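Residue numbers (our numbering), protein chains in the order written: chain A, 1 to 609; chain B, 610 to 1214.
Don't read these hints as lab results, they were simulated from the structure.
Hints may contain errors.
Here are the simulated BS3-like cross-link-like pairs (lysine-lysine), alpha carbons at most 25 Å apart as the crow flies [what the hints assert, rightly or not]: (1) A:368 / A:404; (2) B:706 / A:246; (3) B:942 / A:202; (4) B:623 / A:205; (5) A:451 / B:1075; (6) B:706 / B:806; (7) A:505 / B:848; (8) B:985 / B:810; (9) A:578 / B:939; (10) B:861 / B:848; (11) A:368 / A:202; (12) B:861 / B:806; (13) B:848 / B:623; (14) A:550 / A:505; (15) B:1028 / B:942; (16) A:505 / A:451.
These numbers were taken from a predicted model, which means no experiment stands behind them.
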Amino acid sequence: MPADFYEEEDFQGQFKGNVFKRILDLMRPHWRWVVGFLICVIIVSILDAYFTYLSKQIVDEGIVGKDINALQNILVKYGILIVVQAASVFGFVYMVGVLGERVRYDLRQTLFNHLQRLSLSYYSRTPVGWIMSRVTNDTERVAELVTWGVLDSTWGVINILTSVIFMLVIDWRLALIVIAILPVLFYVAVLFRQRILEQFRKVRKVNSKITASYNENISGVRVVKALGREDENLREFGEQTSAMRKAGYRAAWLSALFLPSVQIISAVGLGGIIWYSGATVGSGTFSIGSLQAFITYMTSMLWPIQDIARVFAEMQRALASAERIFSLVDTTPEIQDKPGAIDPGTIRGEIQFEHMYFWYEDELPVIKDLNLTIQRGETVALVGSTGGGKTTIVNLLCRFYEPKRGRILIGGHDYTDLSLQAIQSRIGVVLQTPHLFSGTIRENIAYGRLKASMEDIEAAAKLVGADRFIQHFEHAYDEQVGEGGVLLSVGQKQLISLARAVLSKPEIFIMDEATSSVDTLTEAMIQQGMEAIMQDRTSIIIAHRLSTIKSAHRILVIENGQIAEMGNHAELLKLKGKYYNLYTRQFRFEREDAYNIFKEDSQTNFSAE
Amino acid sequence: MVQSKKGTADFDLKEAISPNRLVGLWRLMRGYQLDYTFATLMQGLSAASKTATYLLLSYFVDNYFLASTGTYPVWAIAASFVAFAGLQGYFTFLSGKHAAKTAEGTVERLRNYLFDHLQHLPFSYHAVTDTGELIQRCTSDVDALRRFYNDQAIGIGRIALLFVVNFIALLRINTRLALVSVIAVPIVVITSIYFFKKVSKAYEAYQEQDAILSTTLQENLSGVRVVKAFARQTHEIEKFEHTNWEKFKRGKQLLTIHSLFWPISDTICGFQMLAGFLIGAMMAIRGEITVGNYLAYAGLVVWIIYPLRGLGRLIVEMSNALVSYDRVFKIIKEVREPLDEGNYRPAEGLHGEIVFKHVNFEYSQHEPVLHDINFKIDAGKVVALLGSTGSGKTTLVNLLPRFYDYTSGEVLLDGFDLKCYSRRYLRSQIGIVEQEPFLFSRSIRENITYGVGRNVPLEEVEQAAKMAAVHDVILSFPEGYRTLVGERGVTLSGGQKQRVAIARTLLKNPRILILDDSTSSVDTETEAQIRSAMQSLMHDRTTFIIAHRIQSIMNADLILVMEDGHIIQHGTHTSLLREDGVYRQIYDIQTRIDTELEEELSSAS
Ligand SMILES: Nc1ncnc2c1ncn2[C@@H]1O[C@H](COP(=O)(O)OP(=O)(O)O)[C@@H](O)[C@H]1O
Ligand SMILES: Nc1ncnc2c1ncn2[C@@H]1O[C@H](COP(=O)(O)OP(=O)(O)O)[C@@H](O)[C@H]1O
Ligand SMILES: [Mg+2]
Ligand SMILES: [Mg+2]
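Whole structure, please, built from the sequences with the hints as guidance.
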């Protein structure tokens, strides 16, 4: 990912009430499930502690008291409770699990829906990998927190509380020893967790770099191979994985140290219990069963503590994830419908650019004071050197971006008063870089009009001269195009995206270098068809080839974001300005040779067999 | 610390392929197997320390509570408790440390291998494989394997050892009691295996849907312009919702299985424990064992049953790792394109004479793309390819760097079959400017120097940029050559990208140059600039030009006109113009405009 900005940043776990509240809001529609699993886990947790108490009774009342009846009673109770607990376990695993999936589903859908509303400017500054990670990883973490996180910590807290209560009941003095150790345990646990967290933060940072490297190397594999960069790339990648190993190893090492340390502390507590019980043997206040119960409580107390510490650590991560999710959801689309935006039913009509200025992120004006009126039904061609701002004008007209100053009117309305849907569903644009979706050729063309019949699809393909090669394929219209269209040649992709735009029967038709990789014959062949399409609709054509632009009603030469020249072909030639230079160079160049067409072929150093 | 040497390819991971996935996972650990065995043994020692604690407890109760036969002071017993706990902790730590070393080391090697493997897999593989899917396998599935080494496998070792050690201790307390306590073991194991199979299937389905979901998302994000251009947001939302809901459903299925497994194994284990308590207590009451023994038993049996319950869970979780193993090894099993196969290397460098003899090629069977291609070009000359869209021009030039190997026929380079040269060598000698150039998310300078494995001084970079007519454009950016090119280079216009790609190829200084429609997004004026710069560059290099404008190719020494994978015409501009054919047709169309232009000019003046 390009800039540091997009590295996995972690918000240092500050508690932002706002984020908490919004997470709770997520859960509100599902509160019954939450209550359900909480009840189940509370039952499970209380029973866990109670089982230990029953074990004590087995020893004290059954064995030491030599009372078989009591023993039987206790064991029957025990057995029933095991079944109750199993039922509760089923309840919470099912509920918490399904709830988790549901929250994931909700979050992903919310994010996706919002992403559909965001403007192109957002996409051009945000790497796809970063967005992907929000939708896949962050939703995962938040869902994990609100389900298993809540569950584990509830279990832990209840378990500790009930254990403490039972211990107090058994022997309050000894219980105090244990209670005194608890804070120490918690303190150490939290201390460790923070250290471990730091390491994990590093791990994640490196990890997102590793993912980005995979992504880039796979999408750019053609270049990597062509330039023979394999070894160098592996070396660079090896640095990342080695950093990953070091951070991961440290994190695991600390985690491995964590449990034993806590265990040793609690063993000191155990030692205390043994010592106390040994010292009070004579007084008879402390039974064997109690000793057993205390040892069990003390050793099993480690699990809830470990769980709570883990949830606490993960909560910080999950909160950071939630913040990122919310920040994405809160990103207001730079371009959206104004309140009360209208749909005039058609956007046929005059298009006017009034004193329009535009720049991308960096405030360097790309379009300066553009004034232009395009008549209804007119065909306008934009020419000029690359980087002049032609595509930018198209972006603005499609309302992918909006003017920074000045305005654009369509049919007399300021187009920001219209709804986006009203504009974009009626403009058919063929983009400079053709993009196809994985799937069949048919599906890709039908993207222009989802309900189009097979005849319409074929008619559109015929019109743009794509039918011929499509019929050549083994599966014809059902041939797969591959991811992004890799299984087709570039010109074929262009023709299919042209067919897609034609099929949509747009009111305004825009072609941005739509046939730059299409051969001359095909281009000539489809000329008539294209003219028919442009006949009764406002059309804007960007092209470098004279053949494509010559017949336009008006030609604009765009230089440095301004209209340098304007007029039809003949007028512009008379002007002997930029246009003249641009296109007669090609002509002059060729004419010199044209005179030599029939000269004898003097070159014999090649041959074809 | 782990030696970093182990991180790199010290062995071909293909050797770790095995039909038995556990064997495969073991082989994957090569170099760390001793560490791992040690880690497992430490778990055993840790288990033994724990068992010792309970035996000590038994001794303590019998000799201090019930009788006063204890010979040691109480504080010594208490201290021993702490000491045993210390030992146990120490061994656990050692084990965790070595397991982590193994996990991280093995996975580092796996990551590197996958990365390298992917960049060595042929185009034919990448063309049909989704990027999102590959990334998911390289990240999330690899992480599942890391967890397998770090937690699951060692967990299973731990459980087995806990079981063995505690069982021995139980046997020593009372044989009958010990045997009664493990009746449930086979039941739990069988149940676990049953669920293991179910979970494996459900989990695989879930992961598959996950991959589909990422792919859907990625497709949507990378095609966002098209989505917006056709105002298809609702359609996209419906599509995503469909996959998203399917994932929810599969998740629910997976969970249902889990939620049944847990209570079932809990109940079995619970009743097993209860049975043990009952029999143990009866024996204690009848005096067959001491109360201390019972306490030790009650403590130890927990450490047999709990692990058993855990074992079920681990086995079920392990199914994830095994599924991931399959998914990762599916990539590893793919055959690399050998870069160094073919050992011919001309001593005095490549000349660049190329002969195609009856060359045929097809991407997939039944769909031949090139038919019987024949031509010869001398070193340093220029060949131009002209032809209809999809006629096979790009395909033809892609044969030269051996991106694909021709199906039949022969291609001779300086008289030797192309297959005698290694791919690495060929690619170092051939420079390609692609039709749709791909730029990396790095600075412009790094992009230009991407293909040269050395430090290039800025002057050289600038010179290449100047030749590609892009230097001035670069300087107009506030950051100049340090400007970052966004993902897939969005902030550059199409023509600017093409020119950066040209500069990148120029800097590589190849013997054979391939320009695949590389000026299609460039205006005529800029093209003329590039062409004059190229003229000197093409001098002395064999060059392939694919273009549609006649004036871009008319100076070529040989022009091949292609149609449906055949060469239908060949010759020079002049000779082709005399033939009645496609070339002439194209020429006429292009010059008709010029002729008209000429007339208009003369009438204008
Ligand atoms: N998304 C973007 N962000 C920032 N700058 C951009 C973006 N797209 C284009 N530009 C810059 O705007 C200028 C005009 O580009 P463009 O309109 O694509 O030119 P043309 O289509 O005439 O070749 C170029 O200098 C280009 O680098
Ligand atoms: N990777 C691929 N896999 C399968 N078929 C392909 C692949 N690339 C191109 N093709 C097919 O091969 C034919 C020739 O394509 P190509 O050589 O790219 O044409 P062009 O002459 O336009 O450069 C086309 O029909 C195209 O669909
Ligand atoms: Mg453009
Ligand atoms: Mg091509």
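Here is what the structure says about each hint:
1. A:368 / A:404: Holds. Residue 368 (chain A) to residue 404 (chain A) sits at ~10 Å (cutoff 25 Å).
2. B:706 / A:246: holds, 13 Å
3. B:942 / A:202: violated, 32 Å
4. B:623 / A:205: violated, 30 Å
5. A:451 / B:1075: violated, 50 Å
6. B:706 / B:806: Violated, at roughly 32 Å.
7. A:505 / B:848: Holds, at about 23 Å.
8. B:985 / B:810: violated, 57 Å
9. A:578 / B:939: violated, 58 Å
10. B:861 / B:848: holds, 20 Å
11. A:368 / A:202: Judged against 25 Å, a Cα distance of about 46 Å means the pair is violated.
12. B:861 / B:806: With Cα atoms ~17 Å apart, residue 861 (chain B) and residue 806 (chain B) stay inside 25 Å; holds.
13. B:848 / B:623: Violated. Residue 848 (chain B) to residue 623 (chain B) sits at ~38 Å, over the 25 Å cutoff.
14. A:550 / A:505: holds, 24 Å
15. B:1028 / B:942: Given that 25 Å is the threshold and the Cα spacing comes to 24 Å, the pair holds.
16. A:505 / A:451: holds, 13 Å
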